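Chemist: Sequence:
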Amino acid sequence: MNLLRFVAVLVISCGICAAAAKDDGSDYAGSAACKSCHPEQFEQQSNTAHAHALRRAQPSDPSPGSHAEWAFGAGVKATTWVTQTDEETAVEHGLSYYTATKSLAVTPGHDAPTDTVYRIFDASESVLRCFRCHSTGPLSLGPSLQIQPNELGVRCENCHGPGRAHVESHSARTIQNPGRLSALQINTLCGACHREATDLDDGADWSNAWNVRHEPRYLHRAACFRNSGGALSCLTCHDPHQPQKRTSAFYDSRCTSCHAKVAHTSPVASGSCTGCHMPRVKTSPNLTFTNHWIGIYDPHASKLIPAKRAVVDLRAMPGQAEPSSGLIVPADVSTLTPVYVAAVAARERQAGPESEKVARAASNLGLFLQEIGKSADAEAPLRRALAIDEQKTNQAVDADRESLALALEAEGKAEEALALFRRAAEGNTPAVSARSYVKLAVMDRQHADNFYRAAIAAEEKGSGAQSPEVAVLLQEYALALRAGKRDDEAEPLLRRALAIERVSAKLDPQVLTDVLNTLGNLIEGRGQFDEAERLERTALALAQEKFGPESPQLAAVCTNLADVLWNKKELPQAGQFYRRAIAIDKSLYGPERPETAADIANLGMLLNDAGQSAESMVLLKQALAIYQKTLGPDSDEAKLVKENLLRLAH
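To convert, note that position 458 of the sequence shown is 458 in this note's numbering; the numbers rise steadily by one, no gaps.
FYI, nobody ran anything at the bench for these hints, they're computed from the structure.
These numbers come from a predicted model, not from an experiment.
Positions of the beta carbon are idealized from the N, C-alpha and C atoms, including for glycine.
List of simulated lysine-lysine pairs, DSS-like, C-alpha gap at most 25 Å:
(1) 639 <-> 629
(2) 485 <-> 639
(3) 506 <-> 282
(4) 303 <-> 245
(5) 245 <-> 102
(6) 642 <-> 629
(7) 308 <-> 282
The following label-pair restraints were derived from C-beta to C-beta distances:
(8) 288 <-> 67: 23 to 33 Å
(9) 502 <-> 568: 20 to 30 Å
(10) 636 <-> 376: 26 to 36 Å
(11) 276 <-> 56: 41 to 51 Å
(12) 27 <-> 418: 38 to 48 Å
(13) 337 <-> 244: 31 to 41 Å
All chains, please: the whole structure from these sequences, using the hints.
Modeler: Structure follows, in structure tokens:
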């Protein structure tokens with residue numbers, strides 16, 4: 001393959017670099033320290049959109065810039081304004097400026113031109129994350145807890161990592177060179193801000209056009225990326241030192257470096273590779289993004305999910321590089337931890353160590369640490385928040401108990417977690433009660449029925465009997481009943497959940513697919529094959545539309561539908577769906593995984609019923625080998641396949 005790879009220029013020793021470094025005690029040197037040794041790269045990168053991703057709003061900006069504080073975006077597509085309104089909140093203004101139309105319109109993600117208020121120290125939806133990706137280096141808090149970026153815009157150290165040691169040592173070993181990273185590492189590095197790729201079975205709704213702007217997630221699903229052996233990455237087409245190329249000819253040249261000769265099976269509507277295989281998608285009235293899920297699209301259908309799968313064997317890939325790989329991700333959300341810690345210290349100075357303000361700041365810190373997977377570190381601040389709120393009889397105490405219980409559960413401290421979940425469930429906050437009762441049902445199976453019923457009652461009280469949240473609980477309770485062989489009790493719960501989801505204004509495709517699939521499987525067991533087939537085919541259409549051609553949801557539906565068709569003696573059709581499930585399993589998990597083996601075994605037994613005993617034996621032996629390798633020769637799965645093989649042999 002002749003794909004071009006960006007390789008950073010190595011440092012040339014120069015004493016001026018060290019003199020230009022910031023002397024603030026941080027590990028970051030600032031982009032000015034890079035200029036003397038890398039003048040060409042510095043000048044080029046200074047003219048990119050990345051470098052202008054954040055600035056102070058100016059009086060000359062279009063309204064609401066005149067009364068805004070920060071301008072987000074370089075203006076290539078749009079500029080959105082954000083203002084910190086007090087110590088705890090910031091607003092994203094409801095109008096943004098769009099360069100294509102040279103006019104103000106509703107801000108991306110808003111339903112109306114009204115400002116949206118964000119809690120600055122929210123664990124998951126904080127504006128701190130916006131600043132972290134639109135600036136370089138660590139954020140800090142000034143007087144009145146004002147957010148203070150280290151350096152405006154996305155500059156050198158957001159890709160290369162903190163540069164002070166590099167500037168002072170003049171050694172290439174002390175700086176990260178993205179050109180030497182693997183494709184998966186680069187996707188993880190870029191994805192810290194452009195939305196990180198997740199595992200292939202993440203359950204994302206790919207029919208939502210707004211998601212197209214998350215390029216790493218889409219590229220990760222493309223056959224070109226997964227089967228390129230690491231040759232294709234973000235850097236194949238985008239040199240971060242230069243402004244983005246705007247001509248299709250440039251990007252087509254990247255395609256033809258691998259696909260020099262392409263035989264199209266249908267008329268080519270466009271002379272551009274990317275025009276067909278990376279279509280442009282309108283995500284809002286004023287914004288268009290390129291779909292990075294490289295694939296074959298139906299020109300008359302959706303440009304969101306490829307319509308045809310051309311690759312027979314897609315390689316399974318993890319979503320992110322392993323933390324142990326040595327990759328430095330300067331914009332990783334975990335780097336915000338010191339800001340949350342600083343907020344606790346500031347509240348202590350302002351109001352004293354036992355104040356409710358400290359409780360809220362400690363709770364924010366604990367919840368943030370939980371959000372980034374550091375439950376052990378979260379325990380201490382969550383305990384502190386709970387202790388203060390219990391003393392002050394604050395209404396937040398229910399949520400405190402639930403949060404601490406979740407952290408303790410993650411640490412394996414089940415007994416204390418159980419006690420806290422009980423107290424949280426018995427509190428006065430319906431949503432907390434519902435979630436805590438579900439946890440109790442899972443942790444205390446002996447009393448699970450009572451806990452599930454209490455959870456549903458609490459959720460009905462809090463959000464209404466027809467809320468989507470109630471449908472989720474009904475599905476969870478039904479699954480628990482089915483596990484206990486109590487299908488008669490599970491069926492009405494599933495039918496009620498289905499009725500709620502079908503009329504919900506906020507339809508959750510994951511929940512609806514699960515309910516259809518579970519109910520279809522249940523009534524198939526009763527011999528109601530026609531209704532079961534209708535439910536499974538509805539689930540099939542929904543899974544294809546929402547989750548795409550390679551999803552665990554679609555694989556599960558294909559397997560269930562094949563089961564139904566097998567029972568209806570429609571063996572050829574059933575075989576097709578099993579084969580489709582196997583192909584999806586392989587692409588998600590790999591060819592030698594238990595998930596794949598299950599559908600291989602199913603197909604093997606089906607073929608035996610169809611009189612194809614030789615092929616049946618081959619498939620069952622293949623499934624057995626996978627089970628023995630992954631689960632062990634004495635696993636229930638391996639024993640079941642052995643029994644079937646013995647039966648076929650006689």
